[in-house]
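With chain W fixed as given, assemble chain G with the ligand onto it according to the hints.
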Amino acid sequence: MTKAMTPPERMMAVMMGQEKPDRVPVVPFIQGYAANIMGMPPGEFWSDGDNYFDANFASMRLHGYEQTPLFGYAACGPWEFGGKVGMPDGSGELAPYVIESPVKTLEDIETLKVPTFDGPLPGGFAIADRNAERCVEMGMPAGFQAGSIFSAAAQVADTNAFLTWVITEPDAVRMLMDKVSDMFINALEYFANKFGAQQCMPFQAGPLEANGMISPDTFRDLVYPYNLKVNQKIKELGIGAVLMHPCADQNLNIPYYVQMREACDWHGRYIWIFGPETSIPDQMKAFGDHDIICGNVDPIAILEKPYAEVVQLCKDAIDEGKDNPGGFILTPGCEFPADAAPIKVMAMMDAAEQFGRYE
Amino acid sequence: MAVADIYHAILAFKHKEIADLVQKELDLKTDVSGILNDGLIAAMDELGRQYSQGALFVPEMLIGALSMKNGLGVLKPILARTNAQPKGIIVIGTVKGDQHDVGKNLVAMMLEGAGFKVVDIGVDNDTAAFVKAITDNNADIAALSSLLTTSMPAMEKIVTELKEQVSGVKTMVGGAPTSMAFAERIGSYGYGGDGPEAVETARKLMAL
Ligand code: B12
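Protein chains in written order, with my numbering: chain W, 73 to 431; chain G, 1273 to 1480.
Source of the hints: derived by calculation from the structure; they are not laboratory data. Where is the CB? At the ideal position from N, CA and C, for every residue including glycine. Among the clues, some could well be false.
Unchecked claim - Listed next, with one range per pair, are the computed distances between beta-carbon atoms:
id, chain 1, residue 1, chain 2, residue 2, range
1, W, Asp243, G, Lys1286, 13 to 23 Å
2, W, Ala380, G, Glu1472, 36 to 46 Å
3, G, Glu1456, W, Met84, 18 to 28 Å
4, W, Asp243, G, Arg1321, 46 to 56 Å
Stated by the list, open to error - In silico negatives: residues of chain W with every beta carbon more than 10 Å from chain G:
id, residue
5, Pro79
6, Met87
7, Val170
8, Lys176
9, Pro194
10, Glu209
11, Gln304
12, Val383
13, Asp411
What the hints assert, rightly or not - Below, computed lysine-lysine pairings styled on DSS-like, alpha-carbon distance capped at 25 Å:
id, chain 1, residue 1, chain 2, residue 2
14, G, Lys1341, G, Lys1429
15, G, Lys1348, G, Lys1389
16, G, Lys1359, G, Lys1476
17, W, Lys92, W, Lys75
18, W, Lys307, W, Lys377
19, W, Lys176, G, Lys1476
20, W, Lys394, W, Lys75
21, G, Lys1286, W, Lys176
22, G, Lys1341, W, Lys176
23, G, Lys1286, G, Lys1301
24, G, Lys1429, W, Lys377
25, G, Lys1476, G, Lys1435
Same shape as in the complex, but just chain W (with noise of 0.2 Å):
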């Protein structure tokens, strides 16, 4: 009988694509679960890099999944550039959220500083540094928020003026996105001098930019420039892997996350985790040959429906993204429900253990 690879083994195989693992890694994109399997408090876990820790690692321990603990929250931005986000308190909220957005008027935009990393860190980054320096202890990469630019920058502004300047004052947009960029560019170059570019996993998400929201061209004029500006920097850093989280249905998207791609000479892996919009097929023919593709089961089913089911959605996705050429792995189509039962990350595991074994 061989030996089972452990989690950090399965990883690194399909990280480095020379040899197949020996069964289809799966990661949840657990966040707020972990706090409530820990029956911690939301604030007290998003707001304490130690407790984001603690809390994921013992719910990683727990299932023993193949994901390690990543701090990004889809509030980020408005705090890091001087306003203020609330901390869930249990009495709704699940995860931060916008209290105040420091771009009120077009004219905030040009006085808007660029946040720095030489002294105390910005916002989320100090929380997501100490989950960091968690992490890198005990050999795990150093995940933290690069993106989404146009995500973070919709809410450092008032989200729906901001959606407005889309195209009344597409040149405040681009200014606001510079800046936004330039944030995140700091960002890496902090993580990546602290840790080593090899340890750092940087993560870009966001909704904004989804096509239920805007135009693919907008999508074009708009975010493609900053994306490519990020991403090259990332090239130019030396780190090799990203996770990348295009949320919900960004479909019409698509050729644009290929031609960043082409246009950065990327050398590494990116893992592209779409919304549950977008069909395996259709990713494997964007990015299968050279990034890792995830099985994107839809966060409401696994919340919503029984076991069983969830583990056919599972099965359903390991059959079609399993033996993409350049790797795959399990996760649901964003993060996995807060409140969902663990026995749903049980059926995730429990799919990948029968129907996505490679021997």
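Frame of chain W, contents of chain G with the ligand only:
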């Protein structure tokens, strides 16, 4: 110069020109209801139709909302003087725990475009916030938005408590994870999948 110019300017996203165009029509003694129905409301209907088909996106719809606001700003004093009644008064907001407000804003705009008076109470509202806005404004309908499965229980709670606490108000719900079946289960009077459906539901509720 004709009402059609207003219509076309809205479809061309020239929101800054709408107030002037409406004023010019008024100066020409054009019938106010013609400006409202064939200019502003017809244009909003068309934007809504194109959005539902995926031909337009959220920024374009939000510009449409600005056009509507600019046009209504000129018409409102006259409508008030002529005693024109809104088709109904609607309080709209997202429920406790939910910060997603883009869809709610679009629905508010479509309802306003369709001739309802809309009181937008923003995000993260509990029952008390709805009750206050409903009683302060003597509202006919409470429209609740939820984008998160985790805020759907709050929606159920608010719908139930509104029935107990304010008589005569009808509820309608919407947001991506909700459905007709969910609305029925929690005892809501109505449901809408998007802006145009929200308008249709509101019209039905007013006729009840
Ligand atoms: C944009 C977005 C955000 C933005 C919101 C910005 C803003 N100011 O609104 C930000 C980044 C802040 C955000 C944050 C979060 N989000 Co979010 N977000 C989205 C996204 C991509 C689009 C929502 C949207 O605006 N759509 C466009 C509008 C026009 O459509 P709509 O809202 O559906 O509205 C239409 C209809 O539903 C209807 N309607 C809406 N309201 C009403 C009301 C009535 C009465 C009627 C009749 C009709 C109606 O008409 C509207 C017009 O057509 C969705 C994905 C999706 N598929 O929906 C995820 C999504 C809703 N988010 C999700 C999550 C998990 C979160 C976070 C928890 C992430 C995190 N860990 O921090 C936080 C929660 C914040 C909070 N407490 O609310 C999940 C929810 C999953 C679940 N379990 O329910 C989704 C589904 C993504 C996913 N695939 O997992 N998000």
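>> Run the distance test for G/Lys1429 versus W/Lys377: straight-line Cα separation, threshold 25 Å.
In response: Distance of about 23 Å is within 25 Å: holds.
>> Tell me if the straight-line CA distance from G/Lys1341 to G/Lys1429 falls inside 25 Å.
In response: Cα-Cα ~33 Å, so violated.
> Going by Cβ atoms, does W/Met87 stay more than 10 Å from chain G at every point?
Replying inline: 32 Å, holds
> Between W/Asp243 and G/Lys1286, does the C-beta distance stay in 13 to 23 Å?
Replying inline: 19 Å, holds
>> Would the non-interface assignment of W/Gln304 survive a Cβ cutoff of 10 Å against chain G?
In response: 27 Å, holds
>> A cut-off of 10 Å on Cβ-Cβ distance, and W/Pro79 was said to be off the interface with chain G. Does that hold?
In response: Non-interface label on W/Pro79 holds, nearest chain G Cβ at 29 Å vs cutoff 10 Å.
> When you look at the beta carbon of W/Lys176, is every beta carbon of chain G farther off than 10 Å?
Replying inline: 16 Å, holds
> When you take the CB atoms of G/Glu1456 and W/Met84, is the distance between them in 18 to 28 Å?
Replying inline: 51 Å, violated
> Between W/Lys307 and W/Lys377, does the CA-CA distance stay at or below 25 Å?
Replying inline: 41 Å, violated
> Does W/Lys176 lie within 25 Å of G/Lys1286 when you go C-alpha to C-alpha?
Replying inline: 22 Å, holds
> If you check the beta carbons of W/Asp243 and G/Arg1321, does the distance land in 46 to 56 Å?
Replying inline: 31 Å, violated
> Quick one, are G/Lys1341 and W/Lys176 close enough, alpha carbons at most 25 Å?
Replying inline: 19 Å, holds
Checked against the numbered hints given earlier, this structure breaks hints 3, 4, 7, 13, 14, 18, 19; the rest are met.
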